[in-house]
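Colleague: The chain contents come next:
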Amino acid sequence: MTAILIADDDEDIRDLVAFKLEAAGFDVTAVDNGLAALSEARVSPPDLVVLDVMMPGLSGIDVCRQLRAERSTAHLPIILLTARAQEGDVQVGFGAGADDYVVKPFSPKELVSRVEAVLARARA
Amino acid sequence: MTLADAARLAILALLVAACVFGLLTIGSRFVRRARERRRTRLAAPARRMLLALAAGDDDPDLVERLAAVEPQVWNAVEPAAVAMLGKVRGEAHAALVMVFVRRGAGERARRDLHRWGAVRRARAAEVLGNLGARNAVGDLCALLQDPDPDVRVVAARALGRIGDPTAAERLLHSVAGRRGVPPQLVAHALIKLGIAAQGEVVAALESRHDIVRAAAVEALGLIGAAGTAHEVERRLREDTSFEVRMRAVRALGRLGSRAALQPLIDASNDDLPVPLRAEAAEALGDLGSPAAAAHLGTLLCDPNYRVAHNAARALLKLGKKGFATLNEVAARPDIGAVPDRSAAHALEALAIAALEEERRAHAAAPVREPDPPAEAPATSSLWEAVSSGRRFSP
Chain A
9 MTAILIADDD EDIRDLVAFK LEAAGFDVTA VDNGLAALSE ARVSPPDLVV
59 LDVMMPGLSG IDVCRQLRAE RSTAHLPIIL LTARAQEGDV QVGFGAGADD
109 YVVKPFSPKE LVSRVEAVLA RARA
Chain B
435 MTLADAARLA ILALLVAACV FGLLTIGSRF VRRARERRRT RLAAPARRML
485 LALAAGDDDP DLVERLAAVE PQVWNAVEPA AVAMLGKVRG EAHAALVMVF
535 VRRGAGERAR RDLHRWGAVR RARAAEVLGN LGARNAVGDL CALLQDPDPD
585 VRVVAARALG RIGDPTAAER LLHSVAGRRG VPPQLVAHAL IKLGIAAQGE
635 VVAALESRHD IVRAAAVEAL GLIGAAGTAH EVERRLREDT SFEVRMRAVR
685 ALGRLGSRAA LQPLIDASND DLPVPLRAEA AEALGDLGSP AAAAHLGTLL
735 CDPNYRVAHN AARALLKLGK KGFATLNEVA ARPDIGAVPD RSAAHALEAL
785 AIAALEEERR AHAAAPVREP DPPAEAPATS SLWEAVSSGR RFSP
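Chains as they are written, first to last, in our numbering: chain A, 9 to 132; chain B, 435 to 828.
Errors might be hidden in some of the hints.
Computed list of lysine to aspartate or glutamate pairs in DMTMM-like fashion (alpha-carbon distance at most 20 Å, straight line) [as the list claims (entries may be wrong)]:
no. : chain 1 : residue 1 : chain 2 : residue 2
1   : B       : 521       : A       : 97
2   : B       : 521       : A       : 18
3   : A       : 117       : B       : 495
4   : B       : 521       : A       : 17
5   : B       : 754       : B       : 782
6   : B       : 626       : B       : 560
7   : A       : 117       : A       : 48
8   : A       : 112       : B       : 560
9   : B       : 521       : A       : 40
10  : A       : 117       : B       : 492
11  : A       : 117       : B       : 491
12  : B       : 521       : A       : 20
13  : A       : 117       : A       : 107
14  : B       : 751       : A       : 95
15  : A       : 112       : B       : 705
16  : A       : 117       : B       : 782
17  : B       : 626       : A       : 97
18  : B       : 755       : B       : 720
19  : B       : 521       : A       : 48
20  : B       : 521       : A       : 118
21  : B       : 751       : A       : 97
22  : B       : 521       : A       : 19
23  : A       : 112       : B       : 525
24  : B       : 626       : A       : 95
25  : A       : 117       : B       : 493
Derived by calculation from the structure, the hints in this document are not laboratory data.
Okay, chain A solo, but in the shape it has when bound (with noise of 0.2 Å):
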């Protein structure tokens, strides 16, 4: 089953996310924080990582950054899934070396889409 990591420090999102991409048949592991996000991805890599921008200490981008860098992780595909939708931001976040990105507020079946279209160009 396809494994995928979620960081997202709001309850809600991080819920609501998992619910839809668990539907979807994905195997989720959701955590709250960068560092966890980080450490999870070290220890076990998922086939793809769902990464809140703005999370207390660690942010999104540093964390893509950080799995870029890293032999280990350095393949993973990364969604950025954020509510900041200036140009810049969005540069930024290609910058880091994302795949794609999100801006909230965003419609879960097109984040599936995104998901599966992102896994399929890196299977490819």
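Once you have looked at the hints, place chain B on chain A.
Modeller: Coordinates of chain B only, in the frame set by chain A:
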């Protein structure tokens, strides 16, 4: 009573007070935790339904079932429902709105707009914005003059979220006066109203209030109303307010229209105030037209640092033609003992571009090899490369 007795009594009283305070703290924590546990327990079955609904589950009964839950269960799950309402869109948002409407949340929120407490009024405005309640636009417009500044801010945001263009005029005029809403916030609300609000925004360019005209000009740039470039250009040429002219320059850059090129070039003429010229140089970069490269190249030797600096940064945004101009100026030899300032600006911009490129390449690199032993810092090698005449391209 002796002094020692009085001291003993005071210490005893302090101990009793400390014990009572401690017990009260522990008690209140216990009560709060018990209340949270009860709320979580109550909310659990409804939360599952809420997640399914917000996730866009196609079960048609979900709305009915969630709308029919007991009031105390709804009270427990409502905060999560309100939070999700603002964070999802599409079918999931529409389904959540239906639940709120069925439970009468819209009517309740409209009543709460007139409550005495500012927090309740703000919360009600937030709910109405999230529900996209077009029937509350009039009430929310009235709230733009609320005595509480936070309520005014929430009302402006809610109007943006509802997206009814009839609110544009009231939003624009809300920036003026003693109870003004921050213009930047109004501009962002107007963006959400989209191109349908363009007529109202253009009309506001004739307002007698400088701040309203400034907000209108900024909003046109942010909306991307390319068809209004001539109106904005007229403000740049004729407006009596310097602030409006500055924002007109910024807006012309954002509009990205061919019609904005010449007015921006004219706005950088050396007979105009320096802040306006510097802004015009920056806006030429935002405009992104390669046709501006030659003019920006001449601005590199402007005696004013900000104008020349902004021109160099703007050239970076013009793609190949901008880089070619920068490389050409950077390679220019110094005249006598006087260093060429334009070359220095060009070199700085190229170095920044090179650093940015290196940062991007580093972020995109799949694997980082272990750091090599002592090596010259990347920045100095880049500087050497730039100074030695290496040519950079985007």
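Colleague: For every hint, state whether the structure bears it out.
Modeller: Outcome of the hint check:
The straight-line distance between the Cα atoms of residue 521 of chain B and residue 97 of chain A is roughly 18 Å, inside the 20 Å bound, and the hint therefore holds. Among the hinted pairs, residue 521 of chain B with residue 18 of chain A is consistent with the structure: their alpha-carbon atoms are about 11 Å apart, no more than 20 Å. At roughly 19 Å between alpha-carbon atoms, residue 117 of chain A and residue 495 of chain B fall within 20 Å of each other, so this suggested pair holds. This hinted pair checks out: residue 521 of chain B and residue 17 of chain A have alpha carbons roughly 14 Å apart, not beyond 20 Å.
For the given pair, residue 754 of chain B sits about 17 Å from residue 782 of chain B by alpha-carbon distance, which is consistent with the 20 Å threshold. Of the supplied pair hints, the one linking residue 626 of chain B and residue 560 of chain B holds, its CA atoms being roughly 16 Å apart against a limit of 20 Å. The suggested pairing of residue 117 of chain A with residue 48 of chain A is violated, with an alpha-carbon distance near 26 Å, which exceeds 20 Å. For a cut-off of 20 Å, the pair hint linking residue 112 of chain A to residue 560 of chain B stands: about 16 Å separates their Cα positions.
Distance check on the hinted pair: residue 521 of chain B and residue 40 of chain A sit about 17 Å apart at the alpha-carbon level, within 20 Å; holds. At most 20 Å may separate the alpha-carbon atoms for a hinted pair to count; residue 117 of chain A and residue 492 of chain B meet this at roughly 11 Å. Distance restraint check for residue 117 of chain A and residue 491 of chain B: the Cα-Cα separation of roughly 9 Å lies within the 20 Å cut-off, and the hinted pair is therefore satisfied. With a CA separation close to 10 Å, the supplied pair residue 521 of chain B and residue 20 of chain A stays within the 20 Å bound.
Straight-line distance between C-alpha atoms of residue 117 of chain A and residue 107 of chain A comes to about 18 Å, which keeps the hinted pair within the 20 Å bound. As the CA atoms of residue 751 of chain B and residue 95 of chain A are separated by approximately 14 Å, the hinted pair is consistent with the 20 Å bound. Simply put, residue 112 of chain A and residue 705 of chain B have alpha-carbon atoms about 46 Å apart, too far for the 20 Å limit, and the pair is violated. A hinted pair counts as satisfied when its Cα atoms are at most 20 Å apart, and residue 117 of chain A with residue 782 of chain B does not qualify at roughly 46 Å.
For the hint pairing residue 626 of chain B with residue 97 of chain A, the CA-to-CA distance comes to about 18 Å; that is within 20 Å, so the pair holds. With a C-alpha separation of about 15 Å, the suggested pair residue 755 of chain B and residue 720 of chain B falls inside the 20 Å cut-off, and the hint holds. For the hint pairing residue 521 of chain B with residue 48 of chain A, the CA-to-CA distance comes to about 26 Å; that exceeds 20 Å, so the pair is violated. For the hint pairing residue 521 of chain B with residue 118 of chain A, the CA-to-CA distance comes to about 13 Å; that is within 20 Å, so the pair holds.
Note on residue 751 of chain B and residue 97 of chain A: the hinted pairing holds, with a Cα-Cα distance of about 17 Å set against a maximum of 20 Å. Restraint check for residue 521 of chain B and residue 19 of chain A: the C-alpha separation of about 12 Å stays at or below 20 Å, so the hint holds. For the given pair, residue 112 of chain A sits about 14 Å from residue 525 of chain B by alpha-carbon distance, which is consistent with the 20 Å threshold. Distance check on the hinted pair: residue 626 of chain B and residue 95 of chain A sit about 16 Å apart at the alpha-carbon level, within 20 Å; holds.
Only pairs whose Cα atoms come within 20 Å are accepted, and residue 117 of chain A paired with residue 493 of chain B is accepted, the gap being roughly 14 Å.
In terms of the numbered hints stated before, the structure departs from hints 7, 15, 16, 19, listed from lowest to highest.
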